[in-house]
Amino acid sequence: MHARTDAADTAPNWPDDIFATLQRYDVRQVPYVPDAGHSKLIQRVLGSSNMRGIPLTTEEEGVALLAGAWTGGHRGVLLMQSSGVGNCINMLSLIPILRFPFLTLVTMRGEWGEFNPWQVPMGSTTQGVFELSGVKVLRASNAAEVPAVMEAAAAQAYNALTPTAVLLSQRLIGAKVFTK
Amino acid sequence: MSKANLLDRRQVVSTLLANRKDVVAIGGLGASTNDITAAGDHARNFYLWGGMGGAAMIGLGLALAQPQLPVLVITGDGEMLMGLGSLATIGLQKPSNLSIAVLDNEAYGETGGQTSHTSAAADLVGVAKACGIADARAISTMAEVEAFAKAIHDVAAGPHFANVKIDSASVERILPTRDGTYIVNRIRGDLGFQPI
Numbered sequence: 001m002h003a004r005t006d007a008a009d010t011a012p013n014w015p016d017d018i019f020a021t022l023q024r025y026d027v028r029q030v031p032y033v034p035d036a037g038h039s040k041l042i043q044r045v046l047g048s049s050n051m052r053g054i055p056l057t058t059e060e061e062g063v064a065l066l067a068g069a070w071t072g073g074h075r076g077v078l079l080m081q082s083s084g085v086g087n088c089i090n091m092l093s094l095i096p097i098l099r100f101p102f103l104t105l106v107t108m109r110g111e112w113g114e115f116n117p118w119q120v121p122m123g124s125t126t127q128g129v130f131e132l133s134g135v136k137v138l139r140a141s142n143a144a145e146v147p148a149v150m151e152a153a154a155a156q157a158y159n160a161l162t163p164t165a166v167l168l169s170q171r172l173i174g175a176k177v178f179t180k
Numbered sequence: 001m002s003k004a005n006l007l008d009r010r011q012v013v014s015t016l017l018a019n020r021k022d023v024v025a026i027g028g029l030g031a032s033t034n035d036i037t038a039a040g041d042h043a044r045n046f047y048l049w050g051g052m053g054g055a056a057m058i059g060l061g062l063a064l065a066q067p068q069l070p071v072l073v074i075t076g077d078g079e080m081l082m083g084l085g086s087l088a089t090i091g092l093q094k095p096s097n098l099s100i101a102v103l104d105n106e107a108y109g110e111t112g113g114q115t116s117h118t119s120a121a122a123d124l125v126g127v128a129k130a131c132g133i134a135d136a137r138a139i140s141t142m143a144e145v146e147a148f149a150k151a152i153h154d155v156a157a158g159p160h161f162a163n164v165k166i167d168s169a170s171v172e173r174i175l176p177t178r179d180g181t182y183i184v185n186r187i188r189g190d191l192g193f194q195p196i
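So the sequences go chain by chain: A and B.
If you count the first sequence from 1, position 63 lands on 63 in UniProt numbering, and the numbers rise without skipping.
If you count the second sequence from 1, position 110 lands on 110 in UniProt numbering, and the numbers rise without skipping.
Hints were generated in silico from the structure; no laboratory data involved.
Possibly wrong hints are sitting among the right ones.
Stated by the list, open to error - From the structure, some residues in chain B lie toward chain A, with a derived Cβ separation under 10 angstroms:
(1) I58
(2) R178
(3) I183
To be verified - Covered stretches of chain B, going by a simulated chain A footprint (3 or more residues, C-beta under 8 angstroms):
(4) 60-69
(5) 83-96
(6) 188-196
Ideal Cβ positions, reconstructed from N, Cα and C, are used throughout, including at glycine.
Only chain A is shown next, with the shape it has when bound in the complex (with noise of 0.2 angstroms):
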């Protein structure tokens, strides 16, 4: 249950903007842990006749996923949350490694209006997370800006072999709430 906290949000489209990039950039393969952020996104993927939706037990086996994947021929794009960063860490060495294309969007927790303390920790050390780990970071704070963010992001990670993650802000989601 998500409460928008923009007008413009209340029926966002916002994720199928994101479908429609990776469309057009042949992403084969989407990995991802469940996750209301992205309900909207899966649901389109999984409804779709060239993209195969895998659910992990856990974020980090998205990446080896993502490996072989390219390995074979496919791109692919990890969906998770912030706090699934961190399950990703030592995995994402294999990213600089053995150099492959790596897009993964992450929806932000413990920020913006947060309600959950226990989100609050990852959230604010995904970014410095992954730019330790070599990854650069993208944000898309308002659905206005997803097209172009999802655009460059998938230019420079499927051209340019850059790692990159798109953080879709907590602001752009809506805060989380829990009502009794």
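Start from chain A and add chain B according to the hints.
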């Protein structure tokens, strides 16, 4: 601690790869990568020197990208234990061309031989079956290894899983290249992909 009549790891791996044809073979971090090298360097060998726990998932990504190609992961019990969840992911995807052979010496051979969970508690065949991998075999004879070597090529019948009990003897280290980009690009080239 060594048990009688356990299989020799090099003999197991060389048998699995003896008639490999178009198989892509992925070694796990540790001695299994050396075993694959000892069986003969090959353009379709994926040597893993890091990313412990990732071998089976690399195999899954490759198998899904190349569904007609037999993909064989050969790893150790310690490496497999670190990625147990990947067996659930593979059980869900059911890639029919993916095989996993675990060389189980019940020990972490690279780090001084500390016992692993398979020595007393964890049954990897049971885990694989419980994760939905129907063809999960416990192997203790070379005849069973030979049968599994044939099953690998049945790309419509997988995923295949085998836990092979091997002896814990240390064997000579035969090290492959450590250049990961070279390893990946050599496989890609052999599969017909041009450099970017």
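Evaluation of the provided hints:
Restraint check, I58 (chain B) versus chain A: the minimum CB separation of about 4 angstroms is within 10 angstroms; hint holds. With a least beta-carbon distance of about 9 angstroms to chain A, the hint placing R178 (chain B) at the interface is held under the 10 angstroms criterion. Annotation: interface hint on I183 (chain B) holds; nearest CB of chain A at approximately 7 angstroms, less than 10 angstroms. Requiring three or more residues with a Cβ within less than 8 angstroms of a Cβ of chain A, the coverage given for the stretch 60-69 of chain B holds, as 8 such residues are present.
Residues of the stretch 83-96 of chain B with a Cβ under 8 angstroms from some Cβ of chain A number 7, which satisfies the need for three, so the listed coverage holds. Beta-carbon proximity to chain A at under 8 angstroms applies to 4 residues in the stretch 188-196 of chain B; the threshold of 3 is reached and the given coverage holds.
Of the hints listed earlier, there is not a single one the structure fails to meet.
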